[in-house]
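One-letter residues, chain by chain:
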Amino acid sequence: MAEQIFHDHSSDLSYKAKWYAGRAAVYGILIFWTVVCLFPIYWTVTTSFKLAPNVMQGHMIPFVDFWPAWKGWDSLGLSPRLIGQDSTVREEFLKRFTNSAITSVSASVLAVVLGSLAAYGLSRFRYKFGFMRNPDISFFFLSQLILPPVVLALPFLVLYRSLDLLDTRIGLILLYTLTVLPIVIWIMRDQFQSIPVELEEAALVDGLSIWQAFLTIVMPIALPGMVAAFILSLVLTWNEYFFAALLTSTDAKTLPVMVASQTGSQGINWWAMAALSTAAIVPLIIIGVVLERFIIKGMAAGAVK
Amino acid sequence: MSQGDLLHVVTGDDIGERRRFIGKALVWGSFAVMVAAFAWCAMAQTGYLAWELANWRAALYAYLFWATCLCIAQVVLHGEQGKRTLFVLPATLFVVAMVVFPLIFALTLAFSNWNLSAFEGPRFNGFDNVRQMWTDPFYWNALKNMVYYTLAILVEYAIAFGLALIQASQIRARKFFRVAFLMPLMLSPVAVSWMVGKSMLEIRFGPISRLARWLGWDRPSFFGDPEIARLTIMIMDAWTFIPFMMIMLLAGLQAIPREVQEAARVDGASGWRSFWEVTFPLMLPVSLTAILIRIIFKLKLADIIINVTSGGPGGATDSVTSFIFREYRDRSNVGYGTLLAIVYLVLIVVAITVFMKAVDRWMNPRY
Numbered sequence: 003m004a005e006q007i008f009h010d011h012s013s014d015l016s017y018k019a020k021w022y023a024g025r026a027a028v029y030g031i032l033i034f035w036t037v038v039c040l041f042p043i044y045w046t047v048t049t050s051f052k053l054a055p056n057v058m059q060g061h062m063i064p065f066v067d068f069w070p071a072w073k074g075w076d077s078l079g080l081s082p083r084l085i086g087q088d089s090t091v092r093e094e095f096l097k098r099f100t101n102s103a104i105t106s107v108s109a110s111v112l113a114v115v116l117g118s119l120a121a122y123g124l125s126r127f128r129y130k131f132g133f134m135r136n137p138d139i140s141f142f143f144l145s146q147l148i149l150p151p152v153v154l155a156l157p158f159l160v161l162y163r164s165l166d167l168l169d170t171r172i173g174l175i176l177l178y179t180l181t182v183l184p185i186v187i188w189i190m191r192d193q194f195q196s197i198p199v200e201l202e203e204a205a206l207v208d209g210l211s212i213w214q215a216f217l218t219i220v221m222p223i224a225l226p227g228m229v230a231a232f233i234l235s236l237v238l239t240w241n242e243y244f245f246a247a248l249l250t251s252t253d254a255k256t257l258p259v260m261v262a263s264q265t266g267s268q269g270i271n272w273w274a275m276a277a278l279s280t281a282a283i284v285p286l287i288i289i290g291v292v293l294e295r296f297i298i299k300g301m302a303a304g305a306v307k
Numbered sequence: 015m016s017q018g019d020l021l022h023v024v025t026g027d028d029i030g031e032r033r034r035f036i037g038k039a040l041v042w043g044s045f046a047v048m049v050a051a052f053a054w055c056a057m058a059q060t061g062y063l064a065w066e067l068a069n070w071r072a073a074l075y076a077y078l079f080w081a082t083c084l085c086i087a088q089v090v091l092h093g094e095q096g097k098r099t100l101f102v103l104p105a106t107l108f109v110v111a112m113v114v115f116p117l118i119f120a121l122t123l124a125f126s127n128w129n130l131s132a133f134e135g136p137r138f139n140g141f142d143n144v145r146q147m148w149t150d151p152f153y154w155n156a157l158k159n160m161v162y163y164t165l166a167i168l169v170e171y172a173i174a175f176g177l178a179l180i181q182a183s184q185i186r187a188r189k190f191f192r193v194a195f196l197m198p199l200m201l202s203p204v205a206v207s208w209m210v211g212k213s214m215l216e217i218r219f220g221p222i223s224r225l226a227r228w229l230g231w232d233r234p235s236f237f238g239d240p241e242i243a244r245l246t247i248m249i250m251d252a253w254t255f256i257p258f259m260m261i262m263l264l265a266g267l268q269a270i271p272r273e274v275q276e277a278a279r280v281d282g283a284s285g286w287r288s289f290w291e292v293t294f295p296l297m298l299p300v301s302l303t304a305i306l307i308r309i310i311f312k313l314k315l316a317d318i319i320i321n322v323t324s325g326g327p328g329g330a331t332d333s334v335t336s337f338i339f340r341e342y343r344d345r346s347n348v349g350y351g352t353l354l355a356i357v358y359l360v361l362i363v364v365a366i367t368v369f370m371k372a373v374d375r376w377m378n379p380r381y
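Keeping their order, the protein sequence lines are chains V and W. Using our numbering, read the first sequence as starting at 3 and increasing by one per residue. Using our numbering, read the second sequence as starting at 15 and increasing by one per residue.
Be aware that one or more of the hints could be misleading.
[Said to hold, decoys possible] Under 7 Å between C-beta atoms, here's a sample of chain W residues computed to sit facing chain V: (1) K38; (2) A72; (3) L74; (4) P104; (5) A105; (6) V114; (7) P116; (8) I118; (9) F119; (10) A120; (11) L121; (12) T122; (13) L196; (14) M209; (15) G230; (16) F311.
Treat the hints as calculated values from the structure; they're not laboratory data. Here the structure is a predicted model, which means the values were calculated and not measured. By construction, the Cβ of each residue, glycine as well, lies at the ideal position given by its N, Cα and C atoms.
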């Protein structure tokens, strides 16, 4: 058959039209879903610059529909006008923000350290603790995923009360570590299994001890996986509300609890709530945009075996 | 797989009598210290000792001390072999302290009546809590809601699969769309419940209400009617978690070798058929993992419900977690709440075991 030079035969054209229609449909769906995903964020950010009439008249686009005002950010003490002055609201907000940052970062670090060690051990050695062998130990760790937080919540409330850990960051950190530990172990076990054992064998032959081999040879290779596990833990613990609402009251209250406690009291005072919500979600949006690669890597780790 | 270690090393450890003795002394000595600390705390709490101890901290420190000694003793007792145990031991001790112990404690708590705000301590009341649960219509209602919420996962799965397919195909600006689609997952449910539940769905000024009015729904109300309220909660939860399933499915799609698709096309399969007969079956294991994990996350659903509807109207949107949360908030009775939670856990474990067995039977049929 001769090579086709002209692509304007009617059958070709119909094919092309179909192709364009398919493309249009695909991009239509993509754009629609992007709007679905991003509109609430856009809405919240713009609402934080609105005034009461803008809210009630449903203005959408800044500088076109309405002129942005700093009122919402004033109420948080974070507007340019008030940033130099003392503000109790801002102090309160920053305190909650620090609490959230400290608890989520420490819990994630702790979970990644404990989880990576356990995952490495489980992927390399055979254990026998009583009747528990390797698959049993793995199951023991991973089965924590099934445990709904509500089962632990009330016992922990009572236990923390008697340990005087209620309303402390340490208490929250321990609990958060527990909630993300199975996920970390899951991701890391996958990571370590993909690293060939020969690497450590070579290192051991060269006279390193097993811990030295782990720290100097294996860990650098597994670092991207550890970062992925860390980021995923960070997202989960930063957003955690249930335990924080139950176990903290004044000192260790985290950002989600603050947001939740303001929701009821603000009424139609939307600009203030919007500013608070924006401030609460911005760190994670930045993490999501910058470190998207790691988050996807972390979540994909368990999916493909 | 073979029985030995994957990373097998022959070690020439020479552990003498003396070293063995030191190791054992370390374990049992610190264990005795821990028992003593527990006994001391218990006695001080109940008032047998002259001076009061404010809390159980001493017991906690004793546990930490014992855990440390146990780890050191592994190396003393078993040498190189012990250093390997050291990889898993810290995590195990942590989980035992944080899960196994509280669960045992929860079992005693579940059969007692303990109002935290009242002065008197726990009072054992046998099966009173069980009887109360049996006649509590709100609990059964919450369980029924959980079934509905879990069934909604199928719809989420279909949407996520569709989006993953589009993402895996040839598109421009792939990275932009991936980041955009990921965003809802990054937002905290509490913020979402204000952003969407309280402001966008607000009846008078919310943009979605405006849209609904423009589309011809005269008096939109998203939380008035039980069915619609439940549906709204489902949609909000789906919104945050569809990215999660989408990414897992996308990873699965990208792992399918391209040759398989090409072979199907060469054999003359249309797009639709090659999806149902090639892609979908190949994706089954990933799909089941994604659905299972999504179920596990769904069973924890509470934040949005607590913050948007607090269970209303009339408990129509309650999940078990949010119901127990409210039960504690309103009556501060930890005993009853714990029993409900434990029953929930048992139901979950049974359901998930059955689900996994069924899946296993279906995936690996025995003829």
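Tested hints:
{"no.": "1", "hint": "K38", "result": "violated, 17 Å"}
{"no.": "2", "hint": "A72", "result": "violated, 10 Å"}
{"no.": "3", "hint": "L74", "result": "holds, 6 Å"}
{"no.": "4", "hint": "P104", "result": "holds, 6 Å"}
{"no.": "5", "hint": "A105", "result": "holds, 4 Å"}
{"no.": "6", "hint": "V114", "result": "violated, 9 Å"}
{"no.": "7", "hint": "P116", "result": "holds, 4 Å"}
{"no.": "8", "hint": "I118", "result": "violated, 9 Å"}
{"no.": "9", "hint": "F119", "result": "holds, 5 Å"}
{"no.": "10", "hint": "A120", "result": "holds, 4 Å"}
{"no.": "11", "hint": "L121", "result": "violated, 9 Å"}
{"no.": "12", "hint": "T122", "result": "violated, 9 Å"}
{"no.": "13", "hint": "L196", "result": "holds, 6 Å"}
{"no.": "14", "hint": "M209", "result": "holds, 5 Å"}
{"no.": "15", "hint": "G230", "result": "violated, 17 Å"}
{"no.": "16", "hint": "F311", "result": "violated, 9 Å"}
Comparing the model with each numbered hint stated earlier shows that hints 1, 2, 6, 8, 11, 12, 15 and 16 do not hold.
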